[in-house]
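Chemist: Just so we're aligned, residue 157 is where the sequence shown starts under my numbering, counting upward by one.
It is worth saying that the hints were derived from the structure and are not from the lab. Don't be surprised by glycine CBs; every beta carbon is placed ideally from N, CA and C. There could be a bad hint or two in this list.
Derived pair list, reagent style EDC-like, types lysine to aspartate or glutamate, alpha-carbon separation capped at 20 Å [said to hold, decoys possible]:
| hint | residue 1 | residue 2 |
| --- | --- | --- |
| 1 | LYS436 | GLU333 |
| 2 | LYS236 | GLU221 |
| 3 | LYS272 | GLU677 |
| 4 | LYS204 | ASP593 |
| 5 | LYS324 | GLU677 |
| 6 | LYS236 | GLU333 |
| 7 | LYS570 | ASP622 |
| 8 | LYS196 | ASP347 |
| 9 | LYS471 | ASP200 |
| 10 | LYS575 | ASP593 |
| 11 | LYS343 | GLU166 |
| 12 | LYS193 | ASP168 |
| 13 | LYS196 | ASP185 |
| 14 | LYS614 | ASP200 |
| 15 | LYS453 | ASP619 |
| 16 | LYS548 | ASP593 |
| 17 | LYS423 | GLU544 |
| 18 | LYS674 | ASP325 |
| 19 | LYS204 | GLU172 |
FRET-style restraints, in silico, Cβ to Cβ [to be verified]:
| hint | residue 1 | residue 2 | range |
| --- | --- | --- | --- |
| 20 | SER170 | ILE639 | 21 to 31 Å |
| 21 | LYS471 | ASN398 | 33 to 43 Å |
| 22 | GLY296 | ARG164 | 45 to 55 Å |
| 23 | LEU527 | ASP220 | 39 to 49 Å |
| 24 | ASP535 | VAL232 | 52 to 62 Å |
| 25 | LYS245 | GLU397 | 29 to 39 Å |
| 26 | ASP220 | ASN406 | 52 to 62 Å |
| 27 | ASN462 | ASP430 | 53 to 63 Å |
| 28 | LYS471 | ARG329 | 15 to 25 Å |
| 29 | GLY594 | ILE639 | 31 to 41 Å |
| 30 | GLU221 | LEU376 | 49 to 59 Å |
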Amino acid sequence: MLLLNNVRLELDDSFENLNIIAAKILKTDVVNIISAKLNKRSLDCRKKNDIHYICSVLVNVNGDESRFLKIKNVSVFSQKPYTYLKCKKSAPSPVVVGFGPAGMFAALTLAKAGLKPIVIERGSCVEERLKDVELLFSGGKLNENSNIQFGEGGAGTFSDGKLNTGIKDFRCRLVLEEFVNFGAADKILYDAKPHIGTDVLVKVVKNIREQIISLGGKVLFNTKLCDILTTDSVLNGITVENNGKTYNINCEKLILSIGHSARDTFKMLTEKPDITLTRKPFSMGVRIEHPQEVINKAQYGQMYNNPNLPPADYKLAVHLNNGRGVYTFCMCPGGVVVNAASEPDTFVTNGMSYSLRDGKNANSALLVSVLESDLEGDDILCGMRLQEKVEKAAFGKTNGQGAPVQLVGDFLNKRASLKLGGVTPTIKPNFTLCDIDGIYPSFITESLREAIPLFAKKLRDFDLPDAVITAPETRSTCPVRIIRNDESYEASLHGLYPAGEGAGYAGGIMSAAVDGIKVAEAVINAVNL
157 MLLLNNVRLE LDDSFENLNI IAAKILKTDV VNIISAKLNK RSLDCRKKND
207 IHYICSVLVN VNGDESRFLK IKNVSVFSQK PYTYLKCKKS APSPVVVGFG
257 PAGMFAALTL AKAGLKPIVI ERGSCVEERL KDVELLFSGG KLNENSNIQF
307 GEGGAGTFSD GKLNTGIKDF RCRLVLEEFV NFGAADKILY DAKPHIGTDV
357 LVKVVKNIRE QIISLGGKVL FNTKLCDILT TDSVLNGITV ENNGKTYNIN
407 CEKLILSIGH SARDTFKMLT EKPDITLTRK PFSMGVRIEH PQEVINKAQY
457 GQMYNNPNLP PADYKLAVHL NNGRGVYTFC MCPGGVVVNA ASEPDTFVTN
507 GMSYSLRDGK NANSALLVSV LESDLEGDDI LCGMRLQEKV EKAAFGKTNG
557 QGAPVQLVGD FLNKRASLKL GGVTPTIKPN FTLCDIDGIY PSFITESLRE
607 AIPLFAKKLR DFDLPDAVIT APETRSTCPV RIIRNDESYE ASLHGLYPAG
657 EGAGYAGGIM SAAVDGIKVA EAVINAVNL
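Turn these sequences into a full structure, and let the hints steer you where they fit.
Modeler: Laid out in structure tokens, this is it:
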């Protein structure tokens, strides 16, 4: 198979005539092209009056392909498919705690190996979780175990389903292929910034669960990890709670993929002398919303209303004179800001997009790095406690009467917002205009005030006075890491395997899923010894 790089395609190309394009590049008759398909596709927006796609194309040709290798940007393509490991001996079922991306792909990998995993998920199945989230959005009561943070699919299910990542691991392709196998659109295989969308992701998640069960695994919903049982620094079981009843599950291998919001679990882990945790860097900030049209104009210029262009996104970062980094994260084109609280009398935000990304607003997290010197005391969980403090302050700021919202112009000028401008916040069920100062330590708000005008120099109208900010965004990453061996992936407790974002080894759906696969491989290899 040949790989054709740097192939220019126009916005109105149908991508259905790739055989003709490949034949032209290879200077051969189209009858010599057996097949041609996209390998990668990305927008080139460097010239606002000449936006187009730059692609790589995979081509099968008749005859000896070596005759084409002297042509510029043509090379041989070979990609070894991923082969799932198989368990070579019988073994007790490993347990996976948490059914987010890490736990889900860990359980799938174990199930394909023949190990019949038992999955423990404190939240509900995705069908019931949808109802719980919709109830919260409509003004109903928070379900502390089934919400934006907890439940089948993890926090990533109610985001944007973004699959772009900075990691370079061959398993990334496997994750994309499995998502397609379970119902995602095949464009995620070639788009430079792949995303699934919350509405599609909930169906994909359900299909993965059903595959795990069909291979002999079990998924226990509404079941919460309460304790880890050990003897002489060796794991021998766990205690779980379901509907107010507790019972033990014997296990020799436990993959702990709890996510970044399982604070009660982290507190339990710090009481275990056989398990080592450490603090790690994290960030906090706000969600910022602009009209999607404003972002389109800034990124696409005069071509902004071309119907063949997707809703524009952005990724911005700046290093301030005070030594802090401020950056955008989890940008959701055409998306909404959502209530992501998982504890009573707190407020937390996140962003979400559906597959079409056709909402009126664009939103993104706008985050400030939290330094070691910002944390009081030497408590391992002091970062988590700072998050809790901010989330409670946000709830108190509005007396629980909605999300704290402030216009960017008012925020920059240090005055409370009294009325909206041209941007309507998307947060449900309600919001309260206010002054967000006092919710955070001052270094957060002052860093944001310094960064927003700097971002506007990179992205026009980022400092739009009518744009709105919603506070607080505190759960972008976990402030704790569970220490594990770099080679065996095992924690200091024999039989315990921390995985994913909550364990401190991932940041996003793709990296968490890959980490889950790697940890599952380590478990399979340990069983096969």
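Chemist: Flag every earlier hint the structure violates by its number, smallest first.
Modeler: 1, 4, 13, 19, 20, 23
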